[in-house]
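Given these sequences and hints, build the entire structure.
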Amino acid sequence: MTTENNKTHINIADLGICPYCKSKFNDNNLPVRDHNHLTGQYRHTVCNNCNLKMQQPKFVPCFFHNLSGYDSHFLITQLGYDTQSINVIPNTEEKFISFTKYISNTFKIRFVDTYRFMASKLENLSTNLARSDMSKFRETTKIFGVNDLDLVTRKGFYPYKYTDSWEKLNETNLPPKEHFYNSLTEEHILNEHYDHSMEVWNRFNCNTLGQYSDVYLKVDVMLLVDIFENFRELCLETYGLDANYYFTAPGMSFDCMLKYTGVELSLLSDYDKILMMEAGIKGGLTQAVKRYAKANNVKVSDYDPSKPDLWIVYLDATNLGWICMEVDVSHPCSLHDDYNDLPYLPERIVPRGSKIKKLVANLDSKKNYVVHYLALKQALKAGLILEKVHRVLKFNQSPWLAKYIDLNTTMRKIASNDFERDFFKLMNNAVFGKTMENVRNRMKMELVSDDKKCAKLINRPTFKNITIYNENLAAIHLEIDELKFDKPIYGSMKHHFGKNIKLMYMDTDSLVYTINSKDFYNDLRQNRHLLERMDRSNLPTDHLCYCADRKKVPGTFTDETHGNAIHEFVALRAKAYAYNLAGVENIKAKGVRGHVVKNHITMEDYKKYLFWDGPIIDNEQAR
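FYI, in our numbering the residues of the sequence shown are 1231 to 1853.
Do not take every clue at face value.
In silico lysine-lysine, DSSO-like type, Cα no more than 27 Å apart, as pairs [stated by the list, open to error]: (1) Lys1325 to Lys1683; (2) Lys1587 to Lys1674; (3) Lys1805 to Lys1385; (4) Lys1338 to Lys1588; (5) Lys1351 to Lys1643; (6) Lys1729 to Lys1748.
Restraint-style ranges between C-beta atoms, simulated for each label pair [said to hold, decoys possible]: (7) Asp1425 to Gly1270: 48 to 58 Å; (8) Thr1238 to Val1814: 29 to 39 Å; (9) Tyr1392 to Lys1587: 22 to 32 Å; (10) Lys1781 to Glu1617: 40 to 50 Å; (11) Lys1585 to Glu1324: 17 to 27 Å; (12) Ser1315 to Lys1587: 21 to 31 Å; (13) His1265 to Met1673: 21 to 31 Å; (14) Cys1777 to Asp1257: 53 to 63 Å.
I should point out that these hints are in silico values taken from the structure, not numbers from a laboratory.
The model shown is predicted, which means the values in this text are computed figures rather than measured ones.
Note that the Cβ used here is the ideal one computed from N, Cα and C, for glycine as well.
Spelled out as structure tokens, the structure:
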């Protein structure tokens, strides 16, 4: 230990506080010198408790971008080459969050999906990093050099479909443009992208397609290295935690919140209380209230002054999140027309024609409905009738999460690119989801490459089924035999526009309205109370309602169309809608691949299906 390190140790010891856990040094928790267990070098002075916890990791993380969606499918089948254990965290029976291969009893390789931290294409992530600062490509520079950064700091292009044999890797010329066609996205390569590929071929003196393939793969790997290293730095600077030790952003977010707020959460220990709180978790309400609307106002090209003015407004809420009571509530018939668009107190039921429970907003009477008292208070104020109170669960409330939410909201405001903005939004949303995670939905699966262990698992009473990958590897699906409830459960426009406003579509905190108004934005400007609830920072700076004072303020609403008028809106069902914005169509169809939506579905298709008066074949008939 050097003299300088010894001075550092003495200074920290004199301060009397551990720099890691912030606890005071005492006779039972003395300051000690923490050192690297491999090199023996002094690292820091910490309390004895922290020093004992800082053990040398016994795993090496191996990172893939979109591991769950692609690489895992062929990697997992090759891990049964010996009888060492393979641990897996399944998301579904076909998708794995992560898996770990033991090399020995004391060493293992952990396969991690970086897409679960950075949910964006590698191309977009590299573009964001290049825009911010080229010096952030530290590892790439070590391999390629500064003069080549203009080529290797962006995603390359490769003729995937064309390269279908080993012989083609020996070809001495870059394939023509038509061979770069991507059948998965149904897109041809752009001229500038092909020119980039040709420049890479020439700059790195590629003699064969195989050599070009090596350069392409090396660029991909080094881009991911620098992108994830910069992401780690962002997490360390913001939260003081390293993403290397986590599997997903939501899992890391909860630890970030606990560390940043310093809060100690108490868990429910009474099973009846747990069941009651679980019954109160409804999920996010998504519904198509009205199927079609066509705007008629001064901002649309086919405006007809002789017809009533109608605006279609698309708003999105910023950072919305929810004594718990079990009650019976009824909707008086006199209120049915007023609240037909969005009834109070949605419930999870099995609708007609379905076999699974869905969250439905209806006007039915509610029996044994579990609800937070504030939501009940709002419903009763609107005229609903409280018939009976079955149970009341009393608990203490405090804004313990506000500090963390404010941090991410602030970071989102100053973010320099879309990825960072989306990431800090995810960190808020994810921690909210973690506070009410349903551990019942988890899967239990074991990968086995040993015949005896496989037979032992099959003989268990919790055995469900088996998936055989090859002669050396099988996945055993098991029922969860033990549940540990270690997750804490914590949990207007109508007033201003009256009968002139109708809800058309909603998705949790996004709302689409039709409003009878001569000029919606002028009404907004003249209504101070409504204006204060709007985040208008994304409007054009010359817009009459523009103001940046309430940018990303939690609880405010943002104009999703940035001040542009929606001409037409059609909604077939939840998560399937389309709207026309100044001649540009925006099509949403959850569950349909992006390139199919982009290339094959139009708003006219949605309208044709909605107004179709011919025979309709349902799923049962199709079978």
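Hint check results:
1. Lys1325 to Lys1683: holds, 23 Å
2. Lys1587 to Lys1674: Since the Cα atoms of Lys1587 and Lys1674 sit roughly 23 Å apart, the hinted pair holds (cutoff 27 Å).
3. Lys1805 to Lys1385: violated, 31 Å
4. Lys1338 to Lys1588: Not satisfied, since the Cα-Cα distance of roughly 42 Å exceeds 27 Å.
5. Lys1351 to Lys1643: Roughly 22 Å separates the two Cα atoms, so the pair holds.
6. Lys1729 to Lys1748: holds, 15 Å
7. Asp1425 to Gly1270: 48 to 58 Å: This hint holds: roughly 53 Å between Cβ atoms.
8. Thr1238 to Val1814: 29 to 39 Å: Violated - the Cβ-Cβ distance for Thr1238 and Val1814, about 60 Å, lies outside 29 to 39 Å.
9. Tyr1392 to Lys1587: 22 to 32 Å: violated, 48 Å
10. Lys1781 to Glu1617: 40 to 50 Å: holds, 44 Å
11. Lys1585 to Glu1324: 17 to 27 Å: holds, 22 Å
12. Ser1315 to Lys1587: 21 to 31 Å: violated, 37 Å
13. His1265 to Met1673: 21 to 31 Å: Violated, since His1265 and Met1673 (Cβ atoms, about 41 Å apart) do not stay within the stated range.
14. Cys1777 to Asp1257: 53 to 63 Å: holds, 58 Å
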